[in-house]
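I would like the entire structure built from these sequences, with the hints used as guidance.
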Amino acid sequence: MLDEALKSFSADPDLAEFGQYFFEYYVKNVKSWAYCYRLHAGLNTNMHIERMHKTLKYIYLQGKSVQRLDKAIHAIMRFLRDKLFDRLIILNKGKLTSKLKDLRKRHKTSLSMSVSVVQTPEGWNISSQHNDEMYAVTKINIGCQCLLKCENCQACIHQYSCTCLDSSVRWNMCKHIHYICHNNKDKSSLLCQGDNELDIHELSSEKDVIVDELRTRNSPLRIGMNDRRQALKLKLNAMIDTLNSEEEIQAFEKLFASVKPTIDAIRLHNAEMPPLPRNKEITPVNKKIIPQRRLFSTKKKTSNAARRSIQTPSREEAKNIALQLISKHRSALE
1 MLDEALKSFS ADPDLAEFGQ YFFEYYVKNV KSWAYCYRLH AGLNTNMHIE RMHKTLKYIY
61 LQGKSVQRLD KAIHAIMRFL RDKLFDRLII LNKGKLTSKL KDLRKRHKTS LSMSVSVVQT
121 PEGWNISSQH NDEMYAVTKI NIGCQCLLKC ENCQACIHQY SCTCLDSSVR WNMCKHIHYI
181 CHNNKDKSSL LCQGDNELDI HELSSEKDVI VDELRTRNSP LRIGMNDRRQ ALKLKLNAMI
241 DTLNSEEEIQ AFEKLFASVK PTIDAIRLHN AEMPPLPRNK EITPVNKKII PQRRLFSTKK
301 KTSNAARRSI QTPSREEAKN IALQLISKHR SALE
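Position 69 (the sequence shown) corresponds to 69 in full-length UniProt numbering; numbering is contiguous.
Fair warning: there could be bad hints in the mix.
Here are the simulated EDC-like pairs of lysine to aspartate or glutamate, each with C-alpha atoms no more than 20 Å apart in a straight line [claimed, not checked]: (1) Lys95 <-> Glu151; (2) Lys108 <-> Asp166; (3) Lys105 <-> Asp70; (4) Lys93 <-> Asp208; (5) Lys207 <-> Asp82; (6) Lys99 <-> Asp86.
None of these hints come from the bench; they were simulated from the model.
From a predicted model like this one, the values you see are computed outputs, not experimental measurements.
The following block contains the structure:
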């Protein structure tokens, strides 16, 4: 089958290059992109990262083609600063995410379930409510302190896995896992539960780290070259003034002798570095970026004849239609 597809690609010169790229980077690396090899990943699209790219391009870079590296880094740093503020607000006020909302919804559904459960050495086999299929629920020995945890079941989303689509493909804590946790009375061996004091301590430490990071980002950390030179001069003068013996002076001269050759080597290395390649086309600074292509409708368009609506006949047309019907009726009677 692959040989036939390769022949079809090579037959068309426009698709030959794409076919070679596809077979070299995709066909040989199926485990890297095929979703059947990435169960419990929870991500089947790249919409989240595309949304982040759009935010960077149109909000922080104002929709312009930025070629300077310092401006791009400055925009990314502002983006990270705003994300840290959002995280700090979530830690203080709390936020009901979609994952946590789905988790609670599935717990309510599991309370009204009546299914059969068979315990196995690997875990539990639970029957489906709608068909004769059996799902295997397995306990994963992963110790974590995540917040995606069902308070009633005292288990988090990472602790159990199920072979149903909701768990393996959508990466949710499905109703089968909730049913097993709710009916399992032995909760002393749960590895993913934590004390409230530990969670509060972790949240407070995370808040302190974010606050310190934001405080250092907002402080003037950048010091000019002249200020740094003056600071070095003051340090060297203070150190020289503290030298009291001949041995200390000789040690200082020995260490200071290697400073000038090191600086000369750095200058020589920077002078021999080739210049960065430049684009042949000079792009204006205020040029807008090329917007992404929008999806177009594949619906077939109707012709103009089909679009014509039925019109009410005029008085003359109605009279002619009536005369034709009367003549047909008389001919039928004769």
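For this session: Quick one: which hint numbers does this structure break? Sort them smallest to largest.
Result: 3
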